[in-house]
Amino acid sequence: MPIHGGNAGGNAGGNAGGNAGGNAGGNAGGNAGGNAGGNAGGNAGGNAGGNAGGNAGGNAGSITAFSRDHADSPASSFLSNTLLTTRDGVTGFWDGSMTAVSDVAGLAMPKDDEYLGQVKTPYQALILDTFLRSSVRFDGADGWCELQTSAGLAITRLERPKSLDFFAKQLDWLRAYADLREDRLGEIHMQLDDMLSFFGSQVYLDNGRRAYSLMLLNAARSFAIHVETPMKYFCRVPRPVDFAMQVQPIIQTPDHSSFPSGHATEAFAIATVLHRLSSGQGAAHGVENMALPFRLAHRIAANRTVAGVHFPADSRVGAYIGCVVGDLIYALATGTDLVTGNANAGASGDDFLLSNFSAERDGTALAVAKLDVLSALWSRAASEWPGAPAALV
Amino acid sequence: MTWSWQTPRKMDDDGVETENPYVHWWNTREKSDRESLENSLVRLNSLPIPKYNEILDDTETQFGGTDQIPLSKSSANPDMHDDWAAETISDRLPCVDDDTIILGIVDTGIALGHRRFRGLKGETRVISSWQQDARFAEQADLPCGEELFGPEIDDLIVAHSQRGAATGDLDEETFNRAAGLVDPLNPIGQRDLDRAGAHGTHVLDLAAGFAPDPENAEAIRRQKIIAVNLPAQHAHGTAGNFLAYFAVTAVARILFVADALWGKSSAKNGSQGKAGFPIVINFSYGMQAGPKDGSLFFERMIRALLRHREKLGMTSPVRIVMPVGNDNLERGHAKAVLGQKGAIGSWPYPAQPRVEIPWRILPADGTANFTEIWFEAQATKEDCVALAQDLQIHIAPPRSPSFPVPKVSEQQYSDLIPSATASESVARVYSRIQPGDDGWRLSFLVCVSPTQDPEGRGRQAPAGLWTLAVEAHRDPPVAVSFYIQSDQSSVRGSKQAQRSYFDHSNYKVHLETGRKRDAFHYELGHFAKVEEPWEEQGPVQRRGSHNAVATLSLPEICCIGSYRDSDGRPTLYSAATDGGTGSTSGRAMVSAAYPGETAGSLYGLLASGARDGSVKAFRGTSMSTGLASRDILQAFQDASSDADLAAIGTETWLINRAAAHERKIGKGLLDRWGQDMTWGVGAPQKTGAGRLPMPTSWRRSRIDR
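If you're matching them up, the sequences are chains F and Y in order.
Going by our numbering, the residue at position 374 of the first sequence is 374; the numbering climbs one at a time, nothing skipped.
Going by our numbering, the residue at position 124 of the second sequence is 124; the numbering climbs one at a time, nothing skipped.
The shape of chain F in the complex, shown without the other chains (with noise of 0.2 Å):
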């Protein structure tokens, strides 16, 4: 997931998936994603670059802190270059005093809300994703993770299974889901980077009439990744070739723990944010009813079994804490009670389906402060919606 990322060059890059894109990739972009693709230059920058630093970037307004997009143009040294002799061309001779305006009162910021305004979505992005990352914190050791509010309160808690025996039990559906590799390739591959355009194709989602859905999707995942970042940190687990070699996955696995799945999280924290934005519904209602969205997420956190980089238990944990997450951000937005609840990894031998995987919690009502800027840029993105239903009042 990038944070940062190029705008047209990332763009075409994605799109171009290849030298073009990749140098584009690079050079516009600036990311880690685009430096790889600008050095690589071939179809390993297309990917890098280009997915990167385009496929999230500019493309959606996504969390893409600096938009470097110049009036016409992306950035490049030389058209710096050429500003730079422009300038010298046109400008005369200047003392430097003030010239825009008579009065710097005419030049007082707006106010929050309109602030927000008048930056590109991409900036609005990360000033939201930096919000909602201090509005929660950890607690946790080995074997458990805790996530709180900023106030130290519990609002889901992920334990470990007891033995490394759990996972090795279910190996069995490892080896049943690699049956199905043929099938969903294109998918695992498709979905190592992007997960969002298959919601886009659920419903409506660009950067026109949809850019505050999108941008609070993409904030959804930046923060569930925020989220599982730490409780695969304090619960560790093995990937599954670690326990048989046989297992062969058709994807690099992860350097990271296996436990929680950390695409299931951020699928259904997408699914969570875009089934309430859709339907004015939380997490439970969509799972109850197999809302296409969580359909999708669940296919999602399915095909990195399928690959062979995730038990059925990760993506059953990482499910609920992502429906968590998703809640979460609406508590916040309203500043409405969120009911509180702990993760269950399931038994052994189960698989995770959809209709055996509740996301209802059974723990406490929990205050959650309203978080402003999230307020504003939900009730922007619920007016996307037809009825807005998620709208505030």
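Errors might be hidden in some of the hints.
Residues of chain Y placed beyond 10 Å of chain F at every Cβ, according to the derived structure [said to hold, decoys possible]: (1) 84; (2) 89; (3) 90; (4) 137; (5) 141; (6) 191; (7) 195; (8) 308; (9) 316; (10) 343; (11) 417; (12) 467; (13) 652; (14) 657; (15) 675.
Listed below are the simulated DMTMM-like cross-link pairs for lysine to aspartate or glutamate, each with C-alpha atoms no more than 20 Å apart in a straight line [unchecked claim]: (16) Y:495 with F:182; (17) Y:495 with F:179; (18) F:162 with F:139.
The hints are simulated quantities; they were obtained by calculation from the structure and are not laboratory data.
Note that CB positions come from ideal geometry on N, CA and C, so glycine has one too.
Once you have looked at the hints, place chain Y on chain F.
Relative to chain F, chain Y alone:
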């Protein structure tokens, strides 16, 4: 390396009760490799067909009591199954109207949850569905698996649907598992419906799928389905070793359930006069090698079952629709005349004393390869024995001189071993003599072990160009055919099975224009002419590549080829018959052709994918066969008299229909694309009496759910 053939042994000596060499091969050569798959081997019960021995009228043992097959133990009835009796299933059957028509389908991956197989209120149109390798459900009259009847399927649909209503969204993941349609935790279990496309679902949609809309109410009310989901590929054997067991039982079960349904429904409806529902059985399966004169075990059993049903007094029509197969270009057939001089009839094959067929076996092939060598029918069994004495078979592994195989008598085999190690054989030749309608047939089965075994077990055969040669200085000469048998991996989707082929220098793959060469010329304004003259391009021929299980010529059986819907061109893969071998029961021509392909740029035909509402393009004569079944069902539905029923769906009926339509081609008839059908002429051995259009009741767009 010096090779040597071992002294022939009797099949009986190995304690495997069978007359089927494929079954013997599997039990003596492949079974031990499967023992690592826990719980995968079961004993076959004999065919659970009433009066099996009586209807076959001989005592042959194809699948004996001690044979083992790679079917999950959890799927098998541990005891000998009970006889079939209508009373035992009557309570579980629904009741239907007297004017019901039955579509029987034998396939893999038939989805029971699809809306296109259900009614307006979400109720299933399936009368029963037997999942042959589902976990055994204690149904005492089944040898294996689980049979679900309509009301039980409805209960499952409701249990797994949103809002507890049959019209709610179905959770297919859990429904398919609960119905025994998929078994993900069984390494050799059924998985077809977990994938994007499933053969049986696609074919059933083409044959009898209808959107649950009021405009289809009549078809939904009358066209009911009896399904048999064959076991997963593993249980068939890589050469289809055991397919006949499951397929014959499946056909028998469809007839049995249909007649039991008639018994129950007609009693309730107070019907009189008729006996049974019209039945169309779609069997979109095939094999490549066999006698191809209608005398394959499967074919003899089908005929016996049809005649047996008549003896029971059931007079309603039964039609069986099968594909001609997709192996036209697979180089799996060669034909020649063997002898000192002369020829046979009008055949263009001059006799020659020695026929040599180069057989290319690929490296990294994880499955055994089989070639059957068949000689034309002899008047008596003794003639076959004498013929065998006149013959000399030579088999040469790659890079080795040819050397003779010892005389192998009936039901015997001989193994080829590399003398250097002299431990295990890499090839084997079986001999067989069996009866047919025109006398007795002598055949040999040549088996070659896999060329690679990833688990490092012994007995790999060398890959490369093997040579099969048959020599006979006879007068009069005798016709001989070579067929490579079907070859599939034991798990669907695996690339382990490499298909071997006859790699003869005379064979021409392409035309001079660069286009793939077919058996016949196809060009506007020309009559079909042979594009592979034997004298120049033989003995390997596309003609004769037709499906070995669909060669029985009976009024009730239709064999379907395929063509391209957009321009009438016969599809390259659609197999060709060889015009018949002069046998009484053998199939000379394809019956008719239906689309198997949409257009040059539009792959296959669109029909249901594995999940409800999804669409998948599959190509092949299986698809064309589904469309033929659909036409016959519709004609049954439209029939106005019993006399009509008796004629509809026979091969003659289909041939007349196809010929009538073919005559209109080129005379201003427009196709469904609005184009004038100025098509080139098809050959009867490829497209039968004519090319029939998509049935009018077939959906017109993918969004017609």
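Evaluation of the provided hints:
No Cβ of chain F comes within 10 Å of the Cβ of residue 84 of chain Y; the nearest lies about 34 Å off, and the non-interface call holds. No beta-carbon of chain F comes within 10 Å of the beta-carbon of residue 89 of chain Y; the shortest separation is about 31 Å. The non-interface label for residue 90 of chain Y is consistent with chain F: the shortest C-beta to C-beta separation is roughly 34 Å, beyond 10 Å. With a closest Cβ-Cβ approach of about 21 Å to chain F, residue 137 of chain Y is found to remain outside the 10 Å limit, as its non-interface label requires.
With a cut of 10 Å on Cβ distances, residue 141 of chain Y stays outside the contact zone with chain F, its closest approach being about 31 Å. At roughly 5 Å from the closest C-beta of chain F, the C-beta of residue 191 of chain Y falls inside 10 Å, breaking its exclusion from the interface. Interface exclusion of residue 195 of chain Y from chain F breaks down, the closest Cβ pair being 5 Å apart, not more than 10 Å. With a closest Cβ-Cβ approach of about 40 Å to chain F, residue 308 of chain Y is found to remain outside the 10 Å limit, as its non-interface label requires.
Against the 10 Å criterion, residue 316 of chain Y stays outside the reach of chain F, whose nearest CB is about 41 Å from its own CB. No beta-carbon of chain F comes within 10 Å of the beta-carbon of residue 343 of chain Y; the shortest separation is about 50 Å. The non-interface label for residue 417 of chain Y is consistent with chain F: the shortest C-beta to C-beta separation is roughly 33 Å, beyond 10 Å. No beta-carbon of chain F comes within 10 Å of the beta-carbon of residue 467 of chain Y; the shortest separation is about 36 Å.
Look at residue 652 of chain Y: its CB is around 43 Å from the nearest CB on chain F, clear of 10 Å, so calling it non-interface holds up. A cut-off of 10 Å between C-beta atoms confirms that residue 657 of chain Y is not in contact with chain F; the least separation is 38 Å. For residue 675 of chain Y, the condition that its CB be more than 10 Å from all CB atoms of chain F holds, with the nearest at approximately 34 Å. At roughly 11 Å between alpha-carbon atoms, residue 495 of chain Y and residue 182 of chain F fall within 20 Å of each other, so this suggested pair holds.
The straight-line distance between the Cα atoms of residue 495 of chain Y and residue 179 of chain F is roughly 12 Å, inside the 20 Å bound, and the hint therefore holds. The hinted pair formed by residue 162 of chain F and residue 139 of chain F meets the criterion: a straight-line CA distance of about 19 Å does not exceed 20 Å.
Hint compliance for this structure: hints 6, 7 are broken, all remaining hints hold.
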